[in-house]
Amino acid sequence: MLTAERRCFAPALVAAGRHGLPVEQRAVVVGESAASAVIGAATSDRLAGFLTAAIDAGTVVADDETAQAIRAVWHESLLAAVVVESLAVRTATLLDDAGAVWRITKGPALAHLDYPDPNLRLFGDVDVVVHPRSWEVAVGALTSAGWSRPAAELRGRFDQRFGKGATLTTSEHLEVDLHRRFAIGRFGVRAEMTDVFVSADTIELGGRQMPVLDGPGRLLHACFHAALGGFSRVRSRRDVAQLLLVSGVDWRVTRRVAARWRAESVVARAVRDTWDVLELETGHPCHDWARAWRTSAAEERALQLFASERPFREQALTAIPVLPAHRVPAYLLALAVPDGSGIRQRVRHARRSMADVIRSSLGAGQA
Amino acid sequence: VLWRAVPGFLVLARSDGARLCIEGPGSEVWELLGQSTSLEAISAELAARYGAPVEEVRHDVGDLLGRLVDDGYVDADG
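First to last, the protein sequences are chains A and B.
To convert, note that position 328 of the first sequence is 328 in our numbering; the numbers rise steadily by one, no gaps.
In our numbering, each residue's number is its place in the second sequence (first place is 1) plus 1000.
If you're looking for bench data, these hints aren't it; they were derived computationally from the structure.
In this text the structure is predicted, and so the values were computed from the model without any measurement.
Note that beta-carbon positions come from the ideal geometry of N, C-alpha and C, so glycine has one too.
Treat the hints with care, since some could be wrong.
[Said to hold, decoys possible] Computed spacing ranges between beta-carbons, pair by pair: (1) A/Ser-44 <-> B/Glu-1031: 27 to 33 Å; (2) B/Ala-1018 <-> A/Ala-259: 45 to 51 Å; (3) B/Ser-1015 <-> A/Arg-260: 52 to 58 Å; (4) A/Pro-324 <-> B/Ser-1015: 44 to 50 Å; (5) A/Ser-33 <-> B/Ala-1018: 40 to 46 Å; (6) A/Gly-156 <-> B/Cys-1021: 41 to 47 Å; (7) A/Asp-276 <-> B/Cys-1021: 35 to 41 Å; (8) A/Ala-259 <-> B/Tyr-1050: 54 to 60 Å; (9) A/Ser-296 <-> B/Ala-1018: 51 to 57 Å; (10) A/Glu-172 <-> B/Gly-1024: 26 to 32 Å; (11) B/Ala-1041 <-> A/Val-137: 44 to 50 Å; (12) A/Asp-276 <-> B/Ala-1076: 53 to 59 Å.
[Claimed, not checked] To give an idea of the chain A side of the interface with chain B (calculated C-beta under 7 Å), a few residues: (13) His-75; (14) Leu-79; (15) Val-83; (16) His-284.
[What the hints assert, rightly or not] Sample of chain A residues lacking proximity to chain B, with all beta carbon distances greater than 10 Å (derived): (17) Ala-145; (18) Trp-147; (19) Phe-197; (20) Trp-289; (21) Arg-291.
Could you build the full structure based on these sequences and the hints that come with them?
In structure tokens form, the structure reads like this:
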């Protein structure tokens, strides 16, 4: 079934997303009227590397001006990539000095381990998964170094008990995303994140060995990002395809962990969307499994909430039906009455907010 | 030093945040630097690739390497 989102992708972006995969490549011409939209989408979805490679290979045909504009975006993005990797090294030093246990995930990990040419896979921030026992230590290490946290924790220990994580910003306005979980809401809150710390792969950045999630862990995070991450359209699906069709990671391990987290529907959705968006004809047992997987109605509603990029609180409320009853009041309180500045003003509206939250949660889907 | 080199573009970043972008054949010099620290060897290879006089190439490569050393992206002792 074609989704509305799927139909929006320009053929050139799909061709870029397919470039280098073991599938038949199709020639696509970027017309003059589509050029600026393609350049814009390639920029925002960080596809300029794949698109340049596809142009160089003749899979995507564009006029010289368009090709040069895309190449210029790629070069700017490569500068961003080394700046981010430099930040990753600084982050690693701070976390190691504090004794935290962590793994690099997403951008640099995928670029260096899963793509034959790391220059193709672009990224704009550092993503680090922190072991549950190290969460407070890790956040403390980075804030002690003067890095700020623009979005404060909702309430004390919310991150540790329920949250996805925290974004820390350096004085140069560079961002490090610390992940306590892979998602907020029903698919994240039940995750036992120690599962992705059982083993690790490594990459070398600036002469330093950096631990990264192992293959099944990278696939699991890529699936969460593809199904729940929202803004990354083609690239996040390319990562899923790359891990399955090129890296050949053990997807059965990924599925087993997802099953323990009761998040198999996330993996299944990500894999099905990957085949749909990239128009893959190649068979794969993981795709066979994903097609056969039955997603419950409540899970489907939750997936749609994330896919349509609904606001944070709506996404967070999808956790209510799956939280133990004794944890629900604290969860709702954190969403309705966060800590921090302006608390007195917020309290005035707290009773009404709480009522809104409860009303919304009832509509967010019972299991 | 962190770096990315693609045809026609080289970007380098130091751990202190300093960065340097070089357009043109600098990326080839960087790649060859990974295989050889000899100015002569790098110049000879590039001269052969481009059919250019070795002396001319050696001058340009020497300028580039001098800058990379001065800016702390390359150790002078290799």
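**Study point:** 51 to 57 Å as the expected CB spacing between B/Ala-1018 and A/Ser-296, which holds or is violated
**Key:** holds (53 Å)
Check your understanding: Does A/Phe-197 really sit off the interface, with its C-beta more than 10 Å from all C-beta atoms of chain B?
Key -> Non-interface label stands for A/Phe-197: nearest chain B Cβ at 26 Å, farther than 10 Å.
Exercise for review: Go through the hint on A/Leu-79 and say holds or violated, using the shortest Cβ distance to chain B against 7 Å.
Suggested key: Since chain B brings a Cβ to about 5 Å from A/Leu-79, closer than 7 Å, the hint holds.
Review point. So is A/Trp-147 really clear of chain B, every C-beta pair being over 10 Å apart?
Key: holds (14 Å)
Exercise for review: Evaluate the given range 54 to 60 Å for the C-beta pair formed by A/Ala-259 and B/Tyr-1050.
Suggested key: Roughly 58 Å apart at Cβ, these two residues keep to the hinted range, so it holds.
**Study point:** Distance restraint evaluation - A/Asp-276, B/Ala-1076, Cβ atoms, bounds 53 to 59 Å
**Key:** Taking Cβ atoms as reference, A/Asp-276 and B/Ala-1076 lie about 55 Å apart, which means the hint holds.
**Study point:** Minimum Cβ-Cβ distance from A/Arg-291 to chain B exceeds 10 Å
**Key:** holds (38 Å)
Check your understanding: Under the criterion of a CB-CB separation shorter than 7 Å, is A/Val-83 in contact with chain B as hinted?
Key -> Hint on A/Val-83: holds, closest Cβ of chain B at ~6 Å, below 7 Å.
Practice item. Using the Cβ atoms, figure out if B/Ser-1015 sits within 52 to 58 Å of A/Arg-260. Key: violated (39 Å)
Check your understanding: Hint check: is the beta carbon of A/His-75 less than 7 Å from a beta carbon of chain B?
Key -> holds (5 Å)
Point to revise | Status of the given 41 to 47 Å range, CB of B/Cys-1021 versus CB of A/Gly-156 | key: holds (45 Å)
**Study point:** Outside-interface status for A/Trp-289 - nearest CB in chain B farther than 10 Å
**Key:** A/Trp-289 clear of chain B: closest Cβ-Cβ about 37 Å, beyond 10 Å.
Comparing the model with each numbered hint stated earlier shows that hints 3 and 16 do not hold.
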